[in-house]
Amino acid sequence: MRYGTYLVPAAIVLTLGSLACKPPKTAEQIKQETQAAFNEGYQAFKDGKARDTNPYLSAKEAKENPHKMQGWYDGWDKAKADKDAADKIAADKAAADEAARKAAADKAAADEAARKAAEVEKAAAYQKAAEAALKTIHFDFDKSDIKEGDRPLLQGIADFMKAYPAAKVEIEGHCDERGTNEYNLALGNRRAAAALAYLKTLGVDEARFTTISYGKEKPLCTEAKEACWSQNRRGEFKLK
Amino acid sequence: MLRFLVRTFLLTFAVMALQAQQTEVVLSASSSAKLVLGMAPPKLSGLEEAQVATEFTAVLRRDLDETGVFAVLQERLPADSAPAKAWKEAGAQWLLTVRLTRGVAGDLQLEASALDTAAEKAVFTKPYKADRMVPLRRLAHALADDLVARLTGERGVASSRVVFIRQMAPGVKELFQIDRDGANLIQLTRHGSLTLSPTVAVDGRLAYVTYKGGAPEIWGQRRRDGPHEKLYPATGSGGMISSPAWSPDGRRLAFVQGDRRGNSDIMVLDLGTGRARRLTDGNGINTEPSWNPNGTQIAFTSDREGGPQVFLMQDDGSNLRRLTSEGQYNASPAWSPNGAMIAYVSRFEGKFDLFIYKLGEGKAYQITTGVSTSESPCWSPDERRLVFTSNRFGSMQIFTTDLSGRQVVRMTELPGCQSPKWTRAR
Chain A
192 MRYGTYLVPA AIVLTLGSLA CKPPKTAEQI KQETQAAFNE GYQAFKDGKA RDTNPYLSAK
252 EAKENPHKMQ GWYDGWDKAK ADKDAADKIA ADKAAADEAA RKAAADKAAA DEAARKAAEV
312 EKAAAYQKAA EAALKTIHFD FDKSDIKEGD RPLLQGIADF MKAYPAAKVE IEGHCDERGT
372 NEYNLALGNR RAAAALAYLK TLGVDEARFT TISYGKEKPL CTEAKEACWS QNRRGEFKLK
Chain B
54 MLRFLVRTFL LTFAVMALQA QQTEVVLSAS SSAKLVLGMA PPKLSGLEEA QVATEFTAVL
114 RRDLDETGVF AVLQERLPAD SAPAKAWKEA GAQWLLTVRL TRGVAGDLQL EASALDTAAE
174 KAVFTKPYKA DRMVPLRRLA HALADDLVAR LTGERGVASS RVVFIRQMAP GVKELFQIDR
234 DGANLIQLTR HGSLTLSPTV AVDGRLAYVT YKGGAPEIWG QRRRDGPHEK LYPATGSGGM
294 ISSPAWSPDG RRLAFVQGDR RGNSDIMVLD LGTGRARRLT DGNGINTEPS WNPNGTQIAF
354 TSDREGGPQV FLMQDDGSNL RRLTSEGQYN ASPAWSPNGA MIAYVSRFEG KFDLFIYKLG
414 EGKAYQITTG VSTSESPCWS PDERRLVFTS NRFGSMQIFT TDLSGRQVVR MTELPGCQSP
474 KWTRAR
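If you're matching them up, the sequences are chains A and B in order. Numbering-wise (the working numbering), the first sequence opens with residue 192 and increments by one. Numbering-wise (the working numbering), the second sequence opens with residue 54 and increments by one.
Among the clues, some could well be false.
[Unchecked claim] If the Cβ cut is set under 7 angstroms, some of the chain B residues that face chain A in the computed set are: (1) M293; (2) R314; (3) G315; (4) I338.
[Unchecked claim] In silico lysine to any residue, SDA-like type, Cα no more than 25 angstroms apart, as pairs: (5) K409(A) <-> R243(B); (6) K326(A) <-> Q422(A); (7) K334(A) <-> G380(B); (8) K431(A) <-> T288(B); (9) K404(B) <-> Q422(A); (10) K213(A) <-> L198(A); (11) K409(A) <-> E227(B); (12) K416(B) <-> R357(B); (13) K283(B) <-> E361(A); (14) K182(B) <-> E101(B).
No lab work stands behind these hints: they were computed from the structure. Where a beta carbon is used, it is the ideal one built from N, C-alpha and C, also for glycine.
One chain only, chain A, in its complex shape:
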């Protein structure tokens, strides 16, 4: 009988208790309920009935943290977001700038290439004109007079100098092997000077010419005969 003293009230308590409590929810039920609550909230949000205030935030806090209005914290960092946004704008701008610069550079390069091509063409034309104009003139033994036959050549040089105002020319005076080395250097100088003086009379600024004498030190032809000597007694014109 001693056991009945406890068992009977216990049975009563358990019976009443089990009648009073709902059976515990299963995991499936919790999930469904949560989904339903979410759907409800989501629908409300879609319908524009979402809360526009966060009850857990003070008005001041809400103002400072508008992203917390919805009442949850999603890890969104304003400073970082601002920075990212600024970075993105900057990067976009940089990319745009880069593209613009590249385009400009391409254009410049193209222009440069075109200019260079034009320049090369011009230089080629200049060289060709120079080559055509700068002909060698010749002298008699121990003489520095400009020969009648060489005057058209010098006229050609003067025309070239006028057509290309930037052109500068060195006049070289040369001699044949007869006579002393030193006297021939002086004679070569005189031949260069004679050509210079003649070009000056044709109206070319003499400052555009330099003169140099090589005497008999740079012969074109080294045989000891007049055919050779007459080639060596010469005035040459070289672009400077």
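With chain A held as given, fit chain B onto it using these hints.
Here is chain B on its own, set in the frame of chain A:
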């Protein structure tokens, strides 16, 4: 008229000389006025006979031969141990005995003595010492020079050297130096451009013109054995510059500067102050200055009266007078070391020959003859010979001649040589 006589006289020799030129470089000189020197075989210790024969005996013999004052006895030599009397009978006026010893360290000792075979007394005794670096031929040159000094009172020139320009490639010429006997060629510049007109001061300093910077500049040494540096112009381009010539005291440099009107003038650059002064008056070509031995006058070439002629003036440009009167082309004057003669080149029958103007006599003598051209005369320091360039074997090479023009010796077998300058100082 006299010049004509001299020419005809020399022409007879020239004909003989030309025949000899075909085979021999050394044209035989008459030995009438020379002292006959017998050379006993050298006594050797520590040296090989063959080496001494080629590097000493042969060199000495050639040196003495070219002095013009010695005739070396070469035929019918007495036996090795013959007494002086036997040498006298063989024709030797002096008997030269030489003892050469090489020490353990490689050093050389040379004892040379000469005996007058008639009086049978010693006329010359001198010991020489040289370290191992000195070649035998230098000893032979020194001995030859001392023997000439004993006989004539002035040292010979066997030890002297010649500085000259040689073409390396078309448009590239460099400065070289060679021993007087043609041995020991040394390149002195490596500018890789035209390098011209060397001049050697009395202390051996060089000056020359180089086109390494495009326009010609004078380069040279400010001090003995110093580096080669630009001497003129100090800045910029100076137009045509040529023909530098050291004054005898080595403080001034005469040179030629051309202007853009075709004139060229003799200038004098004072190395101390760096100031250049114009001596001639911008009248035509003035070039090739050559100082007299005491540096008070300058001989030069000028075409102020038509063709090139040799003129003289004081070193301040005053007292200008024409020296040469005959011929259409006289140039390249070279004042002799004692001041009494001026060598120059003259265009004669279409080619150039060496002449000597004797100031005391007021007359010119022709030195070289023949079908080839001879140029750029320069005196030997003892005034007995001239060094010059000639194309007698095709290209321009360096020769020396005695003042009679009969003993012409080829100094180099290098083609493309010009502007030789003979000096004791290097």
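Comparing the hints with the structure gives:
With a cut of 7 angstroms, the hint placing M293(B) at the interface with chain A holds, because the nearest CB-to-CB distance is about 4 angstroms. A hinted interface residue such as R314(B) counts as satisfied when its beta carbon comes closer than 7 angstroms to some beta carbon of chain A; here the least separation is about 6 angstroms, so the hint holds. Restraint check, G315(B) versus chain A: the minimum CB separation of about 3 angstroms is within 7 angstroms; hint holds. The criterion of a C-beta within 7 angstroms of any C-beta in chain A is met by I338(B), whose closest approach is roughly 4 angstroms, and the hint holds.
Under the criterion of a C-alpha separation no larger than 25 angstroms, the hint pairing K409(A) with R243(B) is consistent with the structure, at around 18 angstroms. Restraint check: the Cα-Cα separation between K326(A) and Q422(A) comes to about 13 angstroms, which is no more than 25 angstroms; the hinted pair holds. Distance restraint check for K334(A) and G380(B): the Cα-Cα separation of roughly 17 angstroms lies within the 25 angstroms cut-off, and the hinted pair is therefore satisfied. Between K431(A) and T288(B), the direct Cα distance comes to roughly 20 angstroms. Compliance with the 25 angstroms bound is thereby established for this hinted pair.
A threshold of 25 angstroms between alpha carbons decides the hint, and for K404(B) with Q422(A) the separation of about 19 angstroms falls inside it, so the pair holds. With a CA separation close to 24 angstroms, the supplied pair K213(A) and L198(A) stays within the 25 angstroms bound. For the proposed pair K409(A) and E227(B), the alpha carbon gap of about 14 angstroms is at most 25 angstroms, so the pair holds. Pair hint K416(B) plus R357(B) holds up; C-alpha atoms about 22 angstroms apart against a cutoff of 25 angstroms.
Restraint check: the Cα-Cα separation between K283(B) and E361(A) comes to about 23 angstroms, which is no more than 25 angstroms; the hinted pair holds. Distance restraint check for K182(B) and E101(B): the Cα-Cα separation of roughly 18 angstroms lies within the 25 angstroms cut-off, and the hinted pair is therefore satisfied.
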